[in-house]
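Student: Going down the list, the protein sequences come from chains A and B.
Mapping of the first sequence onto my numbering: residues 183 to 463, in sequence order.
Mapping of the second sequence onto my numbering: residues 183 to 463, in sequence order.
Misleading hints may appear alongside valid ones.
Same chains, same names: a pair is fine if it fits in one copy or spans any two.
[Claimed, not checked] Simulated crosslink set (SDA-like; lysine to any residue; CA at most 20 Å straight-line):
| hint | residue 1 | residue 2 |
| --- | --- | --- |
| 1 | Lys442 | Gly418 |
| 2 | Lys311 | Glu321 |
| 3 | Lys442 | Asp207 |
| 4 | Lys311 | Tyr407 |
| 5 | Lys442 | Arg222 |
| 6 | Lys250 | Arg294 |
| 7 | Lys250 | Ala203 |
| 8 | Lys311 | Met265 |
| 9 | Lys250 | Asn292 |
Treat the hints as calculated values from the structure; they're not laboratory data.
Number of protein chains: 2
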Amino acid sequence: MSDPRPIGVFDSGVGGLTVLAEIRDRLPYEHTIYFGDTARVPYGVRDLAEVRWFAYEIIRYLVSLNVKLVVIACNTATAAALMTAQRSFDVPIIGVIEPGARAAVLETRNRRVGVLATPATVESGAYAKAISYLDAGIEVYEQAAPEFVPLIERGITSGPELEAAARRYLAPLQERGADVVILGCTHYPLISETINRILGPRVRLISSAGQTALEVGRVLSRRGYLRRPRHAEDLGSSVYVCTADPEEFAALGSRFLDQKIEAVLPASLDPSPRSDAPLLY
Amino acid sequence: MSDPRPIGVFDSGVGGLTVLAEIRDRLPYEHTIYFGDTARVPYGVRDLAEVRWFAYEIIRYLVSLNVKLVVIACNTATAAALMTAQRSFDVPIIGVIEPGARAAVLETRNRRVGVLATPATVESGAYAKAISYLDAGIEVYEQAAPEFVPLIERGITSGPELEAAARRYLAPLQERGADVVILGCTHYPLISETINRILGPRVRLISSAGQTALEVGRVLSRRGYLRRPRHAEDLGSSVYVCTADPEEFAALGSRFLDQKIEAVLPASLDPSPRSDAPLLY
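Take these sequences, add in the hints, and give me the full structure.
Tutor: And the structure:
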């Protein structure tokens with residue numbers, strides 16, 4: 183049995199492309215649709231109800247394209263909208279927080295886990311909640327790293343400026359003896375080399391992006407939703423959609439995907455009034 | 183690296199031996215200690231604070247025997263005591279509810295999950311909570327099956343009496359169209375054949391016991407805690423401890439383990455007053 187429907191992946195911008203890259207790497211036969219809401223990026227500064235509505239609009243759009251699974255490849259949108267979205271749609275929906283939290287719980291030996299994330303994600307406490315749900319005895323240290331996203335989007339993924347910021351953010355996690363650190367933002371895989379070097383070989387780094395891709399594979403395989411082409415060369419295709427300038431998306435996005443993005447389609451979301459949403463609590 | 187410390191498994195009685203059987207089956211090199219609190223069985227009729235205290239006492243006993251991981255192989259004790267226990271001890275502690283809930287979430291296609299459990303477990307709502315935490319859009323139907331445990335303990339694991347009870351309990355789950363059913367009690371693997379036959383091939387049956395054993399394997403392997411003997415014949419050994427009559431435990435337990443239990447040790451828990459417990463909320 184083969185299920186050729188695409189996987190839908192969305193984010194406020196290009197960060198979620200690191201999740202898409204991991205999905206394509208692990209599930210090369212799957213078709214994918216990536217949706218970047220670049221007209222409204224970033225989500226971190228908006229209120230929760232607004233982010234929930236954006237997520238609802240985007241998932242409705244992806245569902246109209248017959249996706250078999252949706253990945254909310256954005257920490258802010260996962261914290262704000264995952265549960266509401268799961269209640270509102272029939273398609274399975276996966277966020278980026280639980281898979282990373284779960285991997286950290288499985289791997290920590292001293293039960294001290296560090297989380298690097300944006301200020302909005304840290305403020306939501308979503309990782310601490312998810313980890314504590316799985317093992318209430320684990321101490322979680324969340325560290326906001328406000329400079330990382332701007333640096334990475336300017337193309338600075340190594341060098342002294344990044345190094346200095348990384349040392350500053352990691353010091354508190356090191357002081358507390360965390361033996362596992364979660365990269366709790368989809369931008370961070372681009373700087374994992376620097377972070378890994380500073381933390382050293384005794385601390386394990388967990389990428390939410392990689393763990394989310396593994397979870398996508400588990401769900402598809404256990405439900406019998408994998409695409410199984412007849413020929414091994416028949417790899418899955420990817421479609422890119424964004425709400426602002428497609429060329430800008432392609433230029434910035436290619437670095438996050440670690441591969442050239444050829445064509446990006448402009449998205450036109452149905453401009454329904456907010457009152458249309460069946461479930462917005 | 184090899185970690186020869188034993189895994190501790192406990193239950194109010196013999197039911198948890200189905201979890202032990204799965205652990206031994208999947209992790210044959212691990213040493214295990216099974217603790218059956220047969221003097222105080224069943225836990226389902228006691229209040230939560232009391233069950234928490236029993237769990238605390240037993241885990242303290244197992245920790246004094248240098249276990250590397252504890253499995254609460256009892257649904258009632260997991261619902262009552264897991265989080266408190268995780269906060270109170272350094273050793274990782276795994277319950278039987280989350281692994282089964284997680285497997286159900288991964289496997290359901292129509293997002294309707296049935297749960298068969300004892301009245302106490304159904305009343306706790308623990309499976310519904312665990313499933314909803316992973317996918318808030320899944321509908322969970324919990325069915326109390328009060329007759330199963332008494333029948334199984336009387337040795338009735340097939341035949342018309344069991345069949346009639348099973349059909350009665352399963353009918354509501356079938357009517358609601360659940361495509362996955364969780365065996366939410368450690369006794370139930372002994373009657374899975376009958377349940378499977380009634381549900382038919384289109385409904386997947388998930389054994390909490392089996393999923394918990396898989397989770398034990400994941401934690402040990404990801405933390406580097408597996409025992410790796412030098413010779414393939416050097417299998418793990420098992421020790422059985424109970425708080426009431428050892429011979430009775432051996433006779434009844436052998437059916438749950440599906441293997442003869444040779445020796446059972448009487449346990450002597452430190453009779454400390456309840457006020458000694460550091461964390462009993």
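Student: Give a verdict on every hint.
Tutor: Hint check results:
no.: 1; hint: Lys442 x Gly418; verdict: within (16 Å within a copy, 53 Å between copies)
no.: 2; hint: Lys311 x Glu321; verdict: within (11 Å within a copy, 23 Å between copies)
no.: 3; hint: Lys442 x Asp207; verdict: within (15 Å within a copy, 48 Å between copies)
no.: 4; hint: Lys311 x Tyr407; verdict: neither (30 Å within a copy, 26 Å between copies)
no.: 5; hint: Lys442 x Arg222; verdict: neither (23 Å within a copy, 66 Å between copies)
no.: 6; hint: Lys250 x Arg294; verdict: between (36 Å within a copy, 17 Å between copies)
no.: 7; hint: Lys250 x Ala203; verdict: within (18 Å within a copy, 37 Å between copies)
no.: 8; hint: Lys311 x Met265; verdict: both (14 Å within a copy, 13 Å between copies)
no.: 9; hint: Lys250 x Asn292; verdict: between (39 Å within a copy, 12 Å between copies)
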